[in-house]
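Visitor: Below are the chains, spelled out letter by letter.
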Amino acid sequence: MHEHLEFNSDAEAFSEKRLFRNRLIFAMFFVLALFSVLIGRMAYLQWFDFERYHLMAEDNRISVETIPPTRGKIYDRNHILLADNQPVFTLKFTREKIEDMDLVQKKIAELLPDFTEERRDKFFEKLKKTSRSKTILLPYSLTEKEAAQFAVQSYDLPGVVLTARLKRTYPFGATGVHAIGYVGRINMKELTNLNESDYRGTDVIGKLGIERYYEDKLHGKPGIQQVETNARGRVLRKLETTPSIPGEDIQLTLDIKLQQYAESLFKNHKRGSIVAIDPKNGEVLAYVSVPTFDPNLFVDGIDQASYRALLKNPNKPFINRGINGKYPPGSTIKPFVALGAIERNIISPNKKIYDPGYFEYMGHRYRDWKRTGHGLMDMEDAITQSCDTYFYELSLDMGIDTIHDSMAPFGFGSLTGIDIPGESKGILPSQKWKRETKDLPWYRGETIISSIGQGYNLATPVQLAKATAILANGGKIIQPHLLRSAELEPPKQIEIKDIKNWERVIKAMRNVMHGARGTARRHGVGLPFKMAGKTGTAQVFSLNESDYEAENIDKSLHDHSLFIGFAPLNDPKIAVAVIVENGGSGSRTAAPMGVDVIKKYLEHTP
Amino acid sequence: MKITIPQSDNVYRKNKGLLDILHIDGWLLLGILMLLAGSTLLVYSASGGDINVTYRHLIRIGFALTLLLVFAQIPPNILYLFTPWLFILGILMLIAVILFGDIGKGAQRWLNLGPIRFQPSELMKLVLPMMVAWLFAHSTLPPSYRRLLVGAGLIALTAGLIVVQPDLGTSLLIAMSGLFVLFFAGLPWKIIFGAIATTLVSLPIVWHFMHAYQKQRVLTFLNPESDPLGSGYHIIQSKIAIGSGGIEGKGFMGSTQAHLDFLPESTTDFIFSVLSEEFGLIGVIILLSMYVFVIARGLYIASQAQDNFTRLIASSLMMTLFVYVFVNIGMVSGLLPVVGLPLPLMSYGGSALVTLMISFGILMSIHTHKKMLSN
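So the protein sequences, as listed, match chains B and G.
Using numbering that gives the first Met the number 0, the letters of the first sequence correspond one by one to residues 0 to 605.
Using numbering that gives the first Met the number 0, the letters of the second sequence correspond one by one to residues 0 to 374.
Honestly, the hints are just simulated from the structure, not real lab data.
Keep in mind it's a predicted model, so treat the numbers as computed, not measured.
Warning: the hint list may mix true and false statements.
To be verified - Selected chain G positions facing chain B (Cβ under 10 angstroms, derived; list incomplete):
hint : residue
1    : L88
2    : F179
3    : I235
4    : E264
5    : L287
Claimed, not checked - Pair ranges (Cβ atoms, derived):
hint : chain 1 : residue 1 : chain 2 : residue 2 : range
6    : G       : L218      : B       : L190      : 49 to 55 angstroms
7    : B       : A304      : G       : D226      : 51 to 57 angstroms
8    : G       : S225      : B       : S484      : 57 to 63 angstroms
Backbone N, C-alpha and C fix where the C-beta goes; we use that ideal spot for every residue, glycine too.
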């Protein structure tokens, strides 16, 4: 074998060896050169770009989880819990760790049959839109059984983790919903207005009432938990923690028992409002707007059907009547008009006016509610018996602007400053007001009907309660509020010319309840305390809500029933305003409700 | 087998030790064992301290070392005799793979021979350079153009049979091992440069005639980071592992990228990234130095070989080793496109290690049998 070797000459063998050696040397240099390239590459990655890759590796390894703050609880004035946080099971989704979105969606449908398809579709749509690395919670509370079933199958569902969260609950349900409010999912508009870093990990925000007004106090500040996670998103260990700062617990002035009682008084009437205020300091004791609705429905997002039902309810539960219900105040403004007149010496309190049952002006007859007339009336009689004619005549002596100036200090026509968002101002008409809003001159005939709280006059129940409280406390302009610890400016005082004038008006209101001819005398009988009150029956001239059903139209045309009052007379502790929409006469419907609320409150308040 | 004792040799001392009896080259073995020791540590770390994986790795190393020892005993002239038959066998098996191959593992085409699953392309890594070397053993170097053409034909045939599997990466690497034989046999520089120039010139022309989707595929292949969630994910995670190791590394068992499963294939194709993360630039330089040591020793053995057949085999096998190392490290560091390729002597896995150790066995045989051969 190897014959070729034997025929090789030495010279050939030498040149062969030299050729091969040259190639070997070249190869070795080639190896060294390319390895140098690799070392250069490594130096670039590990030396020059080290910082960058170091950060990326840390970023891979360390996930930052937000610890959402615990929302502050809400208590009533007697430390009864009104808004609580209850631990519930839910699922946490991280999109980048989900391998098969369709599978996850299918599994969730199987595991959580009570989580409706509509809500599921909505949630997954949202999940697909959130940034890949973010974690979002399922807006659903799993039962213990569902949680256990999920735990068994969780291995097949990377990116979905069972977790506990706190869910806002309202133990009293619908009671006081318009005051307490509720939390709900943060919507796009809210998202643009809030500080995003404070709301990381939180998906609800105060939507209404106290929950919204004191959102900043209640929310708190989120904390941060650094954890080491593997590529599949499983947390392996906890690193650094910055704890969250829980939201402040707040105490309300509301008396939830009184609230419940006041709401229960509406059993025969579907729509209305009661606001009760402590006249000494403006603390709101009860804030009723009926119909109510259950705020617990909104916390995880309400389903379409329930929402539509509430929206279509002809009694409009979403209207917050206490602050947004604008009603003609009717005769309830008579004490304020009378006080303004006698304080300004426009009329002597003893001057008597004859009421034939109507007042004639410019050929037009303005009727008194009592067709037969009240006869001779002085100021006190006129309030006690609610004589319209007395005020018709008085109003022409006063003029609309004086009526306006008499009532404005009591808060009519301006915001009361109550700590519920979205309050309405109502209307306290004046010449200036009419010129500005309607670009029309004032007619004196309008003054006449304004004096009995009709015409342009519109007031909210909170405004009426506030005015009543100011009358009760001797002119201290209190600010109605629900937060017990509200920091308020010291109340201003209405200028009092002669305290006797105030006493006269209050005496007249006492006689409404306790006098022989008082409009609400039936309801003042047998009370263990003396009180002042004024009834009102506001005529409803037009139907504002065009979609009231036909069978309700008659009832809708009934007058609004109003009542204001305070007690005890010598040391007022509560002032109330009651409005029952289409409740008929004030003395028949609203007055007993007002009296009952006062009685109930004074029974258990020393 | 009869062992001939070298009479006078400036490499081997007169006092004959155990290594001489076993036909082992001490220096080469030292380099190999150092790399394998490092490999064991890295496999242990990359597997997250999995003692079972490490144990299996050690068994494979033991088996492969045994094969090294066995092949070191086979004199090169025996290899020479068997080479054409092995080559024919290899070609037949490649054809068999195309006809009856097991498609189960994607691009990796296996041949099911009863209980053994066999990858014929693995065999061809050794046999193709041996065959081309066999071809030139008959002539003086540089060989005639006719022989070069025949050699190129054999390379093209083998590469062609693998490329249709389809396995472009392996095909190119095996072709490379044959081309190295041509290079060491004295393939004229003008042809080498001519071929390189022709390739460079033809690339834009080929590019011009490709379909848009084909172009897209090539672009993604060349720049995986343009697809960070698909094929780019691996390479990005690998670069993070390497870069975050810094100069000194995170220490043994300190690879967060591997332990937290961000780095894929951490015990196999991407084991270099684990090394870089745990031992930093210093570790990388030490590893590359060990490879240089082994390759240099191998090329030295080639330089000492007595005939064309053995010197061509020895040199081309070492250059093939180099190419594998370079391509793997280039790949995991984002310098080269991703081709599934283990790091020689480092990665966990059986067949590549076996092939490699056999080639080292052949090298040792060449070195320790050269006197006998020349006799």
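Visitor: Hints first: check each against the structure and report whether it holds.
Guide: These are the hints, each one checked on the structure:
1. L88: 21 angstroms, violated
2. F179: 8 angstroms, holds
3. I235: Cβ of I235 (chain G) sits 8 angstroms from chain B, so the hint holds.
4. E264: Result: violated, 13 angstroms to nearest chain B Cβ.
5. L287: 5 angstroms, holds
6. G:L218 / B:L190: 49 to 55 angstroms: 39 angstroms, violated
7. B:A304 / G:D226: 51 to 57 angstroms: At 45 angstroms between Cβs, range violated.
8. G:S225 / B:S484: 57 to 63 angstroms: This hint holds: roughly 60 angstroms between Cβ atoms.
The structure is inconsistent with the numbered hints 1, 4, 6 and 7, although it conforms to all the rest.
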